[in-house]
Amino acid sequence: MTTPLPLLSVSSLMMQFGGILALNDVSFGVAPNSITALIGPNGAGKTTVFNCITGFYRATNGVITLYGREKDTNIGQIIGEKLSVVDFIQPKILLRKLYYKMFGGSHLAARSGVARTFQNIRLFKDMTSLENLLVAQHTQVNRNLLSGLFKTPSFNRAEQLALENAYHWLSVCGLADDANRLAGELPYGHQRRLEIARAMCTKPTLICLDEPAAGLNPNETEALSVLIHTLKNDYHVTVLLIEHDMGLVMSISDHVVVLDHGEVIAMGSPDSVKNDPAVISAYLGIEEEAANS
Amino acid sequence: MEKIHKPLDFILAFKGAFVASIIALLLFGPIMGLVLSGYDYQAELQRPLIAAVVVFVGRFLFSLLFQFAQHEPRLQWMLPRKTASVWVEGEQVESKQSVRLFSAMTAITVLTLTGQFWLSVAGGVVLYLLLSRLGKRKHQVMVALVVILGLLMPFFATKFWLTVLIAALIYVLLGLGLNIVVGFAGLLDLGFVAFYAVGAYGYGLGHEYLGLSFWAALPLGALMAACFGAILGFPVLRMHGDYLAIVTLGFGEIIRLVLNNWTEFTHGPNGVSAIPPPTLFGLEFSRIPKQGGTPFHEFFGISYDSSFRYIFIYLILFIIVSLMIAVVTRLRNMPIGRAWEALREDEIACRSLGINHVTVKLSAFSMGAMVGGLAGVFFAAYQGFINPSSFTFFESALILAIVVLGGLGSTVGVIIAAFILTILPETLRYLATELPKAIDSMSDYLPSFLHNTLSTLSDGLGDIGSYRVLIFGVCMVLMMIWRPRGLLPIQRRAYHLDKPGDAK
Ligand SMILES: Nc1ncnc2c1ncn2[C@@H]1O[C@H](COP(=O)(O)OP(=O)(O)O)[C@@H](O)[C@H]1O
Ligand SMILES: [Mg+2]
Numbered sequence: 000m001t002t003p004l005p006l007l008s009v010s011s012l013m014m015q016f017g018g019i020l021a022l023n024d025v026s027f028g029v030a031p032n033s034i035t036a037l038i039g040p041n042g043a044g045k046t047t048v049f050n051c052i053t054g055f056y057r058a059t060n061g062v063i064t065l066y067g068r069e070k071d072t073n074i075g076q077i078i079g080e081k082l083s084v085v086d087f088i089q090p091k092i093l094l095r096k097l098y099y100k101m102f103g104g105s106h107l108a109a110r111s112g113v114a115r116t117f118q119n120i121r122l123f124k125d126m127t128s129l130e131n132l133l134v135a136q137h138t139q140v141n142r143n144l145l146s147g148l149f150k151t152p153s154f155n156r157a158e159q160l161a162l163e164n165a166y167h168w169l170s171v172c173g174l175a176d177d178a179n180r181l182a183g184e185l186p187y188g189h190q191r192r193l194e195i196a197r198a199m200c201t202k203p204t205l206i207c208l209d210e211p212a213a214g215l216n217p218n219e220t221e222a223l224s225v226l227i228h229t230l231k232n233d234y235h236v237t238v239l240l241i242e243h244d245m246g247l248v249m250s251i252s253d254h255v256v257v258l259d260h261g262e263v264i265a266m267g268s269p270d271s272v273k274n275d276p277a278v279i280s281a282y283l284g285i286e287e288e289a290a291n292s
Numbered sequence: 000m001e002k003i004h005k006p007l008d009f010i011l012a013f014k015g016a017f018v019a020s021i022i023a024l025l026l027f028g029p030i031m032g033l034v035l036s037g038y039d040y041q042a043e044l045q046r047p048l049i050a051a052v053v054v055f056v057g058r059f060l061f062s063l064l065f066q067f068a069q070h071e072p073r074l075q076w077m078l079p080r081k082t083a084s085v086w087v088e089g090e091q092v093e094s095k096q097s098v099r100l101f102s103a104m105t106a107i108t109v110l111t112l113t114g115q116f117w118l119s120v121a122g123g124v125v126l127y128l129l130l131s132r133l134g135k136r137k138h139q140v141m142v143a144l145v146v147i148l149g150l151l152m153p154f155f156a157t158k159f160w161l162t163v164l165i166a167a168l169i170y171v172l173l174g175l176g177l178n179i180v181v182g183f184a185g186l187l188d189l190g191f192v193a194f195y196a197v198g199a200y201g202y203g204l205g206h207e208y209l210g211l212s213f214w215a216a217l218p219l220g221a222l223m224a225a226c227f228g229a230i231l232g233f234p235v236l237r238m239h240g241d242y243l244a245i246v247t248l249g250f251g252e253i254i255r256l257v258l259n260n261w262t263e264f265t266h267g268p269n270g271v272s273a274i275p276p277p278t279l280f281g282l283e284f285s286r287i288p289k290q291g292g293t294p295f296h297e298f299f300g301i302s303y304d305s306s307f308r309y310i311f312i313y314l315i316l317f318i319i320v321s322l323m324i325a326v327v328t329r330l331r332n333m334p335i336g337r338a339w340e341a342l343r344e345d346e347i348a349c350r351s352l353g354i355n356h357v358t359v360k361l362s363a364f365s366m367g368a369m370v371g372g373l374a375g376v377f378f379a380a381y382q383g384f385i386n387p388s389s390f391t392f393f394e395s396a397l398i399l400a401i402v403v404l405g406g407l408g409s410t411v412g413v414i415i416a417a418f419i420l421t422i423l424p425e426t427l428r429y430l431a432t433e434l435p436k437a438i439d440s441m442s443d444y445l446p447s448f449l450h451n452t453l454s455t456l457s458d459g460l461g462d463i464g465s466y467r468v469l470i471f472g473v474c475m476v477l478m479m480i481w482r483p484r485g486l487l488p489i490q491r492r493a494y495h496l497d498k499p500g501d502a503k
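Protein sequence lines correspond, in order, to chains Z and B.
The numbering of the first sequence is numbering that gives the first Met the number 0, which starts it at 0 and goes up by one.
The numbering of the second sequence is numbering that gives the first Met the number 0, which starts it at 0 and goes up by one.
Just so you know, the hints here were simulated from the structure itself, not pulled from any lab data.
It is possible that part of the hints are untrue.
Stated by the list, open to error - A partial selection of chain B residues facing chain Z, derived with a Cβ cut-off under 7 Å: (1) VAL87; (2) ILE324; (3) THR328; (4) ARG329; (5) MET333; (6) ALA341; (7) ASP345; (8) ALA348; (9) ARG350; (10) ASN355.
Said to hold, decoys possible - A few chain Z residues facing chain B, derived, Cβ under 7 Å: (11) PHE123; (12) THR127; (13) LEU133; (14) THR138; (15) LYS231; (16) ILE264; (17) MET266; (18) PRO269.
For clarity, every value in this text was computed on a predicted model and none was experimentally measured.
Glycine included, every Cβ here is placed at the ideal spot set by N, Cα and C.
Produce the entire structure from the sequences given, and follow the hints as far as they go.
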């Protein structure tokens, strides 16, 4: 299934929290323009993988590489690595590490083309939906202080473009009527979709969705699967998603990675994973329930 | 809201009142019960007892009142409002009756400072009528009115009120600056006075050592404060909440201690004196020229008046404050302002969108510091003398009180709060000197016991200035209970596409 050059490669990822080994030797690849699902029981370490990919956690070990449109990015490197003794005889590496220690961080992961949503929604609640999407375009608009104060033509053009883009994503996600409502006042399902719209406004190559269907009713889940297909087919983004709704996972994903207790226990097409004995035993009843529905 | 006719819970009210009165007893016991006289003391235990009884009755009644208000729609406004009162532009176009009344009352109060009572009432009535007639353009008309009024004010106000207004405007400036840091970006800064001090000393020492004039010090002082903000900010802005507050508190104290102890450079507690007021294209506002220019009154051939100087400072300050308000309002609709507010809402989400939280915080920090520095330059120019005792932690707390009272992030709220907290004590002090005179003049018409009571009361007002801090404290406590999100609701801008066809 894996193409010669994946979009994202995670190799031997290890994450330790004090005594807890949350991830142990996790390796997988995400093919460009595909939908990859990351599944596993609660506490398996799925969100931890996401946090490592998006640069929020510094992995204890392992390499995460994003093969981007222009250049390849080593996520561990841009969030600031630990210094080691050998670095002091390699000034070039030392300088690079110091630079990323000062100015690096998870925002660079986002700028290199990884967008994400959160398991427990993180919207800017006291701002309108539209402002949420404008904030997401922060790196693309005209941020010059003076041109903003004097409303120069170039500033207005950039703002207008950002506004059009925001309205575009609102209508793609079916939120056009909520444009000027406070994000915190939207119904739950709309908040989930707004978070996806906000992530898409950063113009990502890879979007990581953390349990996007959690708390949605069957109709909303159906709409979500259509939306995810649209993202892949019309906007050519690669989707990496964590999901517990097996019906959704099996119907939309091209590739499934199963995680249990911080280790990859199975990987492959939805059908092959579905019948994998290791997966069935990890999931116990959950698998049969999904097959019935 | 289902249970409309829930009976009042007297037991609950009684319990609350009992606990409150015990606390009051413990608190007031030593404070009010022991009266010191020399090395000795007298125990007057009836005083804390009376206080505790007052607290008991008050708490009991309030508890009943709130219970009652919960089920009475017309009394809902009394209840604490915990949730954010944010609304989006366009949802409420018509101004409410209360807003109109409030504006009219404010106008009357402000105009009273000119000493012409009937003029001020007329002004208030005109404003009220205007507000109820004007539709969409209300906002612009209001702004224009306020600007015109503000520019004309110094020519009518007495010198006393002029100085009070200048102080108030300096606090507005400080409030606007801190509002950027605390209100917009959500960074709790307890040492804001440091930047105020940097601006003031920047002018004071810059004049002493380099001969800087006011007009050179204004941008330089602001720039210097901004640099200080950036230098302080870079290492500490990775911290959150409480840690940041403690570090900024420390920074404020460090600046004050340096100013106090580096005597060779700053003259320590003696401060910097003879700081010149601003000049108008080289024309000075003193009787005898001190900076080598021509005095203003000689140039225009009018007689000297010491209030010219204050009028001039007021006018510059008013223009700068207006500009600052315009800039802050504009910033909220710019990418940087949106990023500040987003950062306040959720830092992790910001980072996931590619926003560098450190630089965004840094920009808020130095922008706020810059405004604080501007205020400092004005303070030095207006006082003519500065020393470290003007830049204590109390000052930081006062500025923070302005921002919190005004409602974190609301510009209009901050302006109103700054005026209330600076003009109110002065008004009370003014009343304390004027009221006894008025009461004396009425002694012929009043029964003697009423006259006596009134004059005792007005004498009690005499040292109201000493209760300033107590009044702030009470205001803050009430606000935290009643309107924790500030006096005014925050309005958010609604964005619409000009060309609706592009939406789809
Ligand atoms: N910041 C953290 N500190 C300590 N332990 C953590 C942290 N984040 C996750 N963990 C631990 O890692 C394990 C995996 O969690 P998580 O990735 O959230 O699971 P899930 O697959 O349900 O998303 C859990 O045992 C959790 O306790
Ligand atoms: Mg999770």
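Worksheet entry | Violations among the numbered hints, reported as their numbers in ascending order | Hints 2, 3, 15, 16, 17 and 18 not satisfied by this model.
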